[in-house]
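Engineer: Under this note's numbering, the first residue of the sequence shown carries the number 6, and numbering increases by one thereafter.
Hints listed in this document are in silico derivations from the structure and should not be mistaken for laboratory results.
Predicted model, so just to flag it, every value in this text is computed and none were measured.
You may find that some hints are simply not true.
Stated by the list, open to error - No more than 25 Å apart at the CA atoms, straight line, and that leaves these computed lysine-lysine pairs for BS3-like:
1) Lys627 to Lys611
2) Lys28 to Lys237
3) Lys276 to Lys212
4) Lys700 to Lys627
5) Lys472 to Lys611
6) Lys678 to Lys700
7) Lys334 to Lys551
8) Lys526 to Lys328
9) Lys472 to Lys566
10) Lys537 to Lys334
11) Lys590 to Lys619
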Amino acid sequence: MEINKKVFSTEFAGRPLSFETSKIGEQADAAIIGKYGETIVLATVVMGKEDKKGMDYFPLMVNYEEKFYAIGKILGSRFMRREGKSSDKAVLSGRIVDRTIRPLFNSAMRRQVQVVITTLQIDGSNDPEFISLMTASVALAVSRIPWNGPVAGVKIAKIKGSNDIIINPTISELNNEENNLDFDAFIAGTKDKINMVELGGDEAGEKDILGGFDLAQKQIIELIKFEEEIIKELSIPKEEVYLAIPEKDIEEKINNFLGDKLETAFYNPDKEKSSEMLSEIKDGMKKMLIEGGAEEKDMIAADVFLELKLDGILHSKILQEEKRPDNRKLDEVRDLYAEAGILSRVHGSALFVRGGTQSLALTTIAPPGAEQLLDTVDFSGKKRFILHYNFPPYSVGEIGPFRGPGRRDIGHGSLAEKALKPLIPSKENFPYTIRVVSEILSSNGSSSMATVCAGGLSLMDAGVPIKRTPAGIAMGLIADDKSNDYKILTDIQGPEDHYGDMDFKVAGTEEGITAIQMDVKIQGVDLEIIEKVLIKGKEARLHILKTIQGALAEPRKEVSKFAPVVFVIDINPEKIGEVIGPGGKVINGIIASTGATSIDIDQSGKVYVSGSSKEIAEAALKQVELIVNDLEVGQIVEGNIIKILDFGAILEIGPGKDGMIHVSELKDGFVKKVEDVVKLGDFVRAKVIRSENGKVSLSLKAIKASD
């Protein structure tokens with residue numbers, strides 16, 4: 006049997022890149038195997054057979070499927086050894102593909118489209134995100150599915166102190182501690198536009214970032230040229246599909262009904278009143294159409310037409326009059342409010358409000374043993390800083406089930422975590438595991454950036470010595486493709502996000518940028534627009550920082566009295582076994598006897614001793630020190646008598662450590678019987694008179710002589 010394999014190959018960033026088509030996955034509309042280095046993915050695309058004329062949205066699904074076999078491991082829990090719910094990383098990888106390809110579909114389509122990316126092999130060097138996007142683009146472009154691609158994307162990284170930017174850095178280059186990165190980013194788009202950005206930086210400069218974008222765009226052009234060669238040979242005619250656009254007579258009826266009512270309602274500065282008026286207009290329009298004998302598909306098309314009218318009103322008012330729905334100036338930030346320490350027993354808390362968006366951020370600090378253990382396809386290890394984002398339905402005035410975080414929640418939380426992570430102190434300087442939770446209490450534009458603001462303030466309230474105060478802002482764009490006219494909006498809210506052309510979130514400090522996320526609804530934007538957005542974004546960020554610093558100028562000097570106290574000591578790694586003891590007997594004994602919260606030991610010999618109070622932690626620390634430190638002659642020790650012998654007694658100095666009191670050292674003069682001086686269980690103080698090779702000799706009479 007022949008599988009009619011065709012392979013298209015090139016080289017990119019010093020590694021082989023190829024796409025392969027054959028009979029594999031032949032029942033999909035297109036199935037392409039993409040290879041980069043030795044990382045291999047399968048991208049399949051399928052379009053439904055029928056138009057869903059009753060749908061009020063374009064039903065696009067992008068699934069990124071991680072497979073454990075791709076890295077040659079059997080992962081999962083002890084009782085479940087198969088892939089289950091997608092990991093957060095898989096969700097984020099899928100979103101990168103989704104956010105890049107979605108703007109190039111006609112949003113009026115009502116035909117289901119599904120893109121499935123399956124990781125077949127991961128070489129541990131090349132991140133699958135690059136080849137996943139590329140392979141999905143080729144599959145869509147050569148299929149019957151209407152789509153305005155192709156697209157391409159690259160990952161870039163800039164090392165501190167160097168002007169060089171690495172194209173598609175390997176995983177080891179990104180994780181190399183010696184490579185202290187200014188920023189790393191995944192940038193995607195078309196031949197002449199950038200339409201998706203995911204960037205993390207260490208207070209990177211705007212100029213450096215723009216240089217990276219420029220280089221990425223040049224690489225994207227070369228990649229798309231290669232894709233076009235494949236498309237030229239493999240593509241088939243695109244299928245004509247139903248678009249939810251009303252017939253001319255329906256359109257005329259709607260226009261006659263609306264008059265200028267839509268603009269009046271849309272530009273009402275009272276959000277609730279505006280929503281109420283728009284709802285009344287929609288109900289009236291539907292009633293008018295039903296009475297006129299309109300069909301269900303006409304009703305859906307009418308809703309789409311109404312959305313296009315609102316979109317047009319917003320574009321016209323802003324481009325021609327610079328008038329926003331709430332009458333703000335184009336670069337004006339909404340009213341701000343910030344407060345720290347609003348909950349007394351929580352380790353750190355803060356409320357940040359920007360217009361109608363509110364984030365309540367709570368920080369919890371815990372001993373190092375509370376680190377999150379991760380074992381996924383692309384990472385095995387511990388996570389010390391964790392940020393979780395919650396978006397309850399009441400935050401937008403709705404009723405809904407609570408089913409755990411969705412893709413949007415995971416994406417927003419990841420962005421805020423990325424923005425704050427470079428500011429978190431090292432474990433050596435602050436030996437705690439840190440968790441921030443953002444509860445979105447109200448949402449009307451960029452709750453992820455509100456999370457950055459509230460999260461940073463909450464960390465400072467908890468006494469976490471972050472490097473600098475962070476803030477974030479969402480920038481928007483209103484553009485006219487025909488005239489190339491555009492306006493940049495600062496601090497976009499609901500309607501500007503929904504009907505605008507771009508959502509450009511940028512977070513950072515006074516010194517530079519820590520995170521960027523960009524999505525568009527148009528083909529993309531050029532570097533001129535991005536540069537202006539970064540300038541305006543910095544102005545807004547500095548403005549917001551004044552409000553945050555007004556609430557709390559710097560991290561509190563001490564952690565909350567309700568937070569655990571952690572002490573750190575370095576011991577000889579060879580003595581780790583002595584501290585732990587057989588079966589954990591010694592370390593558990595210290596915890597039980599002192600009431601310590603935990604004792605965590607790194608293989609390097611660092612010991613983290615924590616307790617609910619300073620006194621408890623110090624008591625546990627003292628016992629650890631007794632075990633690992635050699636006792637000095639003349640040192641005073643204390644403990645209980647644990648054994649009586651004919652020639653003396655054994656004193657327990659600490660867990661797993663004891664000393665011998667010879668009968669001649671019990672007291673001055675003759676001792677006929679050991680029990681005449683000490684009994685089993687007695688608590689006594691003794692002086693060290695000899696300490697050699699781990700053996701300790703003690704004296705009671707030396708104590709009495711010195712008293």
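Engineer: So, for every hint listed, does it hold in this structure?
Structural biologist: We went through each hint and held it up to the structure:
no., hint, verdict
1, Lys627 to Lys611, "holds, 15 Å"
2, Lys28 to Lys237, "holds, 19 Å"
3, Lys276 to Lys212, "violated, 38 Å"
4, Lys700 to Lys627, "holds, 19 Å"
5, Lys472 to Lys611, "holds, 24 Å"
6, Lys678 to Lys700, "holds, 24 Å"
7, Lys334 to Lys551, "holds, 20 Å"
8, Lys526 to Lys328, "holds, 21 Å"
9, Lys472 to Lys566, "holds, 23 Å"
10, Lys537 to Lys334, "holds, 16 Å"
11, Lys590 to Lys619, "holds, 24 Å"
When the structure is compared with the earlier hints, a violation turns up for hint 3 alone.
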